[in-house]
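**Student:** Each chain, letter by letter, is given below.
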Amino acid sequence: MTQSHHISDELLMAYEAGSLAEGWSLAVATHLAFCPECRARAHTASAVGGALLDTLETSPVAASSFDQVMAMIDAPQDLTETITPSTERITGTVPSPLRAYVGADLDAISWKRIGTAGHQALIPTGDSETSVRLLRIPAGSPVPEHGHRGLELTVILRGTLVDGDERFGVGEIEEADSDLEHTPCAGEGEECICLAVTDAPLKFRSLVVRLAQPFLGI
Amino acid sequence: MPVNETATPEASLELNARMSANILAIAQSADRAAFRAVFEFYAPRVKSFLMRSGGDTARAEEVTQETMVAVWRKAHLFDPQKASAATWIFTIARNLRIDAYRKERRPEIDPEDPALQISPPADAMSELAGAQDAAALAGALAELGPDDRQLLELAYYKDRSQSQIASELGLPLGTVKSRMRQIYARLRNRLEHLERDT
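Residue numbers (the working numbering), protein chains in the order written: chain A, 1 to 218; chain B, 1 to 198.
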């Protein structure tokens, strides 16, 4: 598989269709913030949704539907829902989709040790399908093993990531399947901070099943 | 998928011109008649879209109403140069579906983010009006075979991930991914032809 450093067509379509789990979507949106080219491609994928909506058979709405909508529109608006401008310091390295999860400053994150030299910070999401984390790897060190089996998306936020002959810079994305045997390393000269999204480990999934067993009767 | 009056590029252009004007009228003058026209065309389609992703009727009705309220409130953000009326409404309904049905957030870029890397000014793609894009796509979608159509419907309407699609259709995941790539390439190709011809 050749590395494009951009989002694959099929991933972009799933993101725009709205059928991609939150964890994967976070990696896609973070790359989009850095990449005007992928943003233009994403336009096409969302326009497919619009074209499909136009040709859809209709389902009748409730008779009172329009009046209910107008009543909601006329009701005083709950201002807590409107976005207030962020007062956080913007460093430029954490784009908006990721900032909502980890804040604006990569150096203010509380890192936990992983492996011999690296650090990680887990990012909770609403989906149970993915594991999302930030990894901080010293210059020249390999990415610590973090239990990835299926797809893995990595977006570089600082430094570079070197995987075989490929070098990924800030904002670029690596999309790796489980059949890709690889040992990515932080580039020489500067530590690498990246967003890494993987399939949730089966260990965790089976624990969920074990916990649910008494309720499911299996 | 029934072939109906919006499936041709000409009909799509005409529909979009009307609906875009309506949304702009909502933004400019809180035009209720314009909103009613948008509601009458799109609310039954949004509801149909939501019901396909597995929601019951009451839930689909509720999220349809939320979508239409958002159309009214966000009308000032609609930019016909960037997206067709249908695409804009689709993205609102899609995001509310993720929120309501999956209880997940949708990570999205904020177009006002100063950290955002801006597009180069000579970006041909952004000069392409949303309406022409949508019209070309309507034509290209009408030409897709039933298998390709089914894949798009599973992904866009039924909210199925690519691995769920693979197991539902009894196909390897790699096949689903490569077919999605091919569909995308065909649609993209049509749009690039359009750019060259205009």
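Just so you know, not all the hints are guaranteed correct.
A few chain A residues that don't get close to chain B, going by computed Cβ distances all over 10 Å [unchecked claim]: (1) ARG113; (2) LEU122; (3) GLY164.
As a list, the in silico SDA-like pairs of lysine to any residue whose alpha-carbon atoms are at most 25 Å apart [stated by the list, open to error]: (4) B:LYS82 <-> A:HIS6; (5) B:LYS103 <-> A:HIS6; (6) B:LYS74 <-> A:ALA75; (7) B:LYS82 <-> B:LYS103; (8) B:LYS103 <-> A:ALA121; (9) B:LYS82 <-> B:LEU171; (10) B:LYS158 <-> A:SER8; (11) B:LYS74 <-> A:PRO36; (12) B:LYS158 <-> A:ALA71; (13) B:LYS82 <-> B:GLU14; (14) B:LYS103 <-> A:VAL102; (15) B:LYS74 <-> A:SER64; (16) B:LYS82 <-> B:ALA27; (17) B:LYS103 <-> A:GLN77; (18) B:LYS74 <-> A:ALA71; (19) B:LYS103 <-> A:TYR101; (20) B:LYS82 <-> B:GLU108; (21) B:LYS82 <-> B:PRO111; (22) B:LYS82 <-> B:LEU24; (23) B:LYS82 <-> A:GLY171; (24) B:LYS82 <-> A:ALA108.
Please keep in mind that the hints were generated in silico from the structure rather than gathered at the bench.
Glycine is no exception: its CB is placed at the ideal position from the N, C-alpha and C atoms.
**Student:** Hints the structure violates: just list their numbers, smallest first.
**Tutor:** Violated hints (numbers, rising): 5, 7, 9, 12, 24; every other hint is consistent with the structure.
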